[in-house]
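Trainee: Required output: the full structure, derived from the provided sequences and hints.
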Amino acid sequence: MDRILKQLIQLQELHFTLLEQRTLVPKGQLVDLENSIRTLMEELPPKIATLYRALQERHLAAVVPEAKGTCSACGISLPTSLTAEVIAKKGIRQCPNCMRILYPFEGTPRQLKRDLKETGKPRAGIARFSSAELMLSGIEAEDRDDAISELIHLMAEKEFVENPEGLLAAALRREAIVSTALDHGLAFPHVRGVEGGGMTFSLGLKKRGFRFDPSQIRLTRIVFFIVIPSAVSVFYLQVLSGLIETFREESARKQLLACKTSEEMWTTLKALTQKTIP
1 MDRILKQLIQ
11 LQELHFTLLE
21 QRTLVPKGQL
31 VDLENSIRTL
41 MEELPPKIAT
51 LYRALQERHL
61 AAVVPEAKGT
71 CSACGISLPT
81 SLTAEVIAKK
91 GIRQCPNCMR
101 ILYPFEGTPR
111 QLKRDLKETG
121 KPRAGIARFS
131 SAELMLSGIE
141 AEDRDDAISE
151 LIHLMAEKEF
161 VENPEGLLAA
171 ALRREAIVST
181 ALDHGLAFPH
191 VRGVEGGGMT
201 FSLGLKKRGF
211 RFDPSQIRLT
221 RIVFFIVIPS
231 AVSVFYLQVL
241 SGLIETFREE
251 SARKQLLACK
261 TSEEMWTTLK
271 ALTQKTIP
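Per this note's numbering, the sequence shown runs over residues 1 to 278.
By construction, these hints were calculated from the structure, which means they are not laboratory data.
Errors might be hidden in some of the hints.
[Claimed, not checked] Keeping only pairs whose Cα atoms sit at most 30 Å apart, straight-line, the calculated DSBU-like set for lysine-lysine is: (1) K68 / K47; (2) K254 / K270; (3) K158 / K254; (4) K260 / K270; (5) K89 / K158; (6) K270 / K158; (7) K260 / K275.
[Said to hold, decoys possible] Have a look at the derived ranges for each label pair, beta carbon to beta carbon: (8) I76 / R38: 24 to 34 Å; (9) V234 / E162: 45 to 55 Å; (10) I76 / A124: 24 to 34 Å.
Every residue gets a Cβ at the ideal spot worked out from N, C-alpha and C, and that includes glycine.
Mentor: Put into structure tokens, the structure is as follows:
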């Protein structure tokens, strides 16, 4: 059963990756991803494959972690006996409320209980997901892995996430499937299933650029690192689409890259995304 759970988690990650790539590169060729998904579906026992398909029609995130006795997707408290069965991997177990398939939370990086700085006013737009202290005006790294590491460690130092090494490993596993770098000098490395808080990102600039993806000719200069709880996987795609829409414009990229401090970056980012991420 452990093998089947791993297959389901891998299958879901490929589904999310396919949707992300359709957002990142709408006209891209995604045959390899589609074939990998088809192969994994065929390897599942027929009843479990049917269950997974049915759940995906209702919830994009069909397989979610149990976290401290709750379903990380709908938030309901699980019966103690069910939690024990999930942890022991005694067959396929589902949340009694949302019916999603549950798997045990095992060493996956978590967010800490640190919240974004309160201003006395409800947060809106991009301010729901980051803050000035998560802006990095000068990435020192010269390659992808070190750049992602810098942005992860910034989040850890500011007490938004724990286990930065685990996060880095998860981010690189995602990059190994297909690169999150785009032609406009943007990259969106991320880790899904980081529970314990809301969607949060750090942002770094490398003004002279570096090769985030060795296969690309264009240099990457703007890197968002994003942690995504399972429950907001669909909403993440909307935010991603808004960021891409914003920074497709050369003028927007130039404004951001002209910033010299984290505070200036944050002010500029909020202004640029007012219409695309309301």
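Trainee: If a hint holds in the structure, say so; if it doesn't, say that too.
Mentor: Cross-check of the supplied hints:
About 28 Å separates the Cα atoms of K68 and K47, which keeps this hinted pair within 30 Å; it holds. At most 30 Å may separate the alpha-carbon atoms for a hinted pair to count; K254 and K270 meet this at roughly 15 Å. Of the supplied pair hints, the one linking K158 and K254 holds, its CA atoms being roughly 27 Å apart against a limit of 30 Å. The straight-line distance between the Cα atoms of K260 and K270 is roughly 16 Å, inside the 30 Å bound, and the hint therefore holds.
Of the supplied pair hints, the one linking K89 and K158 is violated, its CA atoms being roughly 35 Å apart against a limit of 30 Å. Annotation: proposed proximity of K270 to K158 holds, straight-line Cα distance about 20 Å (limit 30 Å). Between K260 and K275 the alpha-carbon distance is near 24 Å, which keeps this suggested pair within the 30 Å criterion. Taking 24 to 34 Å as the suggested C-beta distance range, the pair I76 and R38 conforms, at roughly 33 Å.
Evaluation of the 45 to 55 Å hint for V234 and E162 yields a failure: the beta carbon distance comes to about 25 Å. At roughly 28 Å, the beta carbons of I76 and A124 sit within the given window of 24 to 34 Å.
The structure is inconsistent with the numbered hints 5, 9, although it conforms to all the rest.
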